[in-house]
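Work the whole structure out from these sequences, hints included.
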Amino acid sequence: MAKHRGAGGRVAICAVAQTKFERDKWQVRFQGMLWEVVEKVLRQTGLQFGAGGIEAAVTVSDDVFDARTISDGAITDVVGAHHQSEEKVAADGAQGVYYAAATILSNHHDIVLLAGHCKESQSASRNQITHLAFDPFYTRPVGLDYVAAAALQAQAYMARTGVTEAQLADVVVRSRKWARENPVAQETAAVTREQALAAPMLAAPIRQSFMYPVSDGAIAMILASEERAAELTDRPVWITGLGNCYDSFFLGERDLAGNFSLERAAKKAYEMAGVTHPTDAFEVVEIADQYAHQQPQYAEGLALCPARQGAKWLADGGPEKQHVNRSGGMLAGNPLILGGMARVAEAVIQLRGEAGSRQVPGAKRALAHGATGPAGQLQTVVVLEN
Amino acid sequence: MSGETEYAYVVEGKMALPYQYFAGAVGSKFLIALRDEKRILGVRCPKCETTFVPPRQTCERCFSDLTSHWVDVGSSGEITGYTVINYKEPYQPKEPPYVLALIKLDGADTPFAHILNCADGAQPAIGMRVRAVFSKEPKDNILAISHFELEP
Ligand SMILES: [Zn+2]
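Protein chains in written order, with the working numbering: chain S, 1 to 386; chain A, 1 to 152.
Everything labelled a hint here was simulated from the structure, so no lab data went into it. Be aware that one or more of the hints could be misleading.
Pulled a few chain S residues facing chain A out of the computed Cβ check, cut under 8 Å [unchecked claim]: (1) Met201; (2) Leu251; (3) Glu253; (4) Leu256.
Where a beta carbon is used, it is the ideal one built from N, C-alpha and C, also for glycine.
Laid out in structure tokens, this is it:
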């Protein structure tokens with residue numbers, strides 16, 4: 001049992017490992033994919049499963065993506081959960097970070113393994129999976145899925161802010177440019193604005209190139225209390241702010257062009273971290289941009305630029321100036337439920353100074369964002385410092 | 001063959017599960033009125049002065065019980081958002097391309113998503129007036145409204 005450490009305790013991320021993200025890891029079981037990263041964080045920290053080591057795991061997976069209910073039941077052996085504690089988050093992995101941190105802050109455990117996996121490639125269609133997030137009476141019958149929901153969001157956002165298709169193409173061009181510097185990124189082939197604009201239109205205004213690709217991969221992290229972090233690493237990265245917020249279920253009841261839930265999630269995380277001027281508070285910013293329009297839209301919600309000023313933010317080179325998505329972001333490829341978790345992973349790598357050619361020199365504080373549900377219904381914000 | 005793919009077997013599978021969803025008392029009243037009377041009902045939260053379509057038992061904003069706060073809303077309204085679906089999936093209500101629009105009915109405060117049939121050459125736009133075309137066959141979900149069309 002963890003010693004009581006009170007409300008002033010801090011949580012560190014002490015190790016991170018990611019697989020390479022790929023379109024189709026058909027020859028690897030998701031258990032094997034997950035073990036690849038779990039083994040790495042065990043090696044990095046010298047930890048073992050069991051008393052005094054890892055006594056608890058938080059896992060991130062999705063029943064429908066894995067096509068088996070209680071999807072974590074299939075990986076309890078991989079995360080050392082047989083005969084001890086495991087809890088699953090069936091949402092974006094940034095929520096897993098939140099949950100693992102809460103497990104430590106609430107004195108349940110000192111060390112938590114956080115492990116997420118998803119093989120989007122195993123289903124015939126990712127859309128058929130996200131379609132099931134809708135209710136059977138009002139929204140499924142008209143064919144809603146996450147692409148359609150994102151298209152309605154994009155249409156509303158672009159109409160309000162004047163963000164253009166060419167600007168979205170440039171978001172994709174820049175994602176690919178940085179993805180080439182990230183060894184785990186999936187989509188690294190250079191693309192021009194013209195090529196991005198020539199991609200098939202899936203659901204106006206969303207083109208194929210504006211949507212994150214189908215992706216397989218896994219991520220693991222070790223989170224620890226302040227008391228135990230020093231044993232595990234000499235480069236802990238501290239979680240100093242956390243916030244989340246859910247918006248309404250029905251799309252028509254949300255301001256699709258705005259950021260109701262993200263603004264509230266960010267406010268909570270910023271207050272906790274003592275961030276008062278978000279525009280220049282972070283050397284590293286990682287936004288879960290499942291769709292290109294979400295990068296400027298969520299930048300507004302994160303108060304990286306004023307509300308409704310996403311078009312100006314892009315035109316002024318905001319993403320480059322604020323070091324947004326040097327990982328390549330989600331547009332470079334992460335499974336849906338690992339989008340925010342990969343953003344946290346990149347933030348940790350940057351704050352440890354291990355980001356190689358994409359390193360932001362002297363990075364002290366990072367912002368990582370994740371989203372779950374249609375058109376970003378649930379928003380998660382994590383502030384990290386070294 | 002290389003070690004990684006020497007033993008690599010992929011098993012085909014399929015998830016399919018016939019299922020019965022209970023619509024709830026509030027949802028049932030809405031769906032039956034839609035199917036049998038071609039009436040579109042909403043619930044109005046007196047505190048929030050907001051009329052929700054589709055209806056629900058509890059206001060998500062102030063948690064008031066809305067069960068006995070039924071109102072009739074119009075079968076015409078306006079477009080508040082739209083997209084054109086160009087990709088094909090088996091669950092879609094019609095052959096793409098088709099317009100999926102957010103439609104706010106007269107008397108309602110919350111738009112909902114539905115299919116918009118545009119006559120040849122017509123383009124949807126925010127603020128355009130539309131009206132419901134009810135299904136000729138009885139339908140037990142929102143497709144009791146077959147689709148919307150632009151008002152002439
Ligand atoms: Zn209310």
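Go through the hint on leucine 256 of chain S and say holds or violated, using the shortest Cβ distance to chain A against 8 Å. holds, 6 Å
Can the hint on leucine 251 of chain S be confirmed by a CB-to-CB distance to chain A that is less than 8 Å? holds, 6 Å
With a cut-off of 8 Å on the beta carbons, see whether glutamate 253 of chain S makes it to chain A. holds, 5 Å
Interface hint check: methionine 201 of chain S, Cβ to nearest Cβ on chain A, cutoff 8 Å. Holds or violated? Given a least distance of 5 Å, the restraint on methionine 201 of chain S holds.
Hint compliance for this structure: every hint is met.
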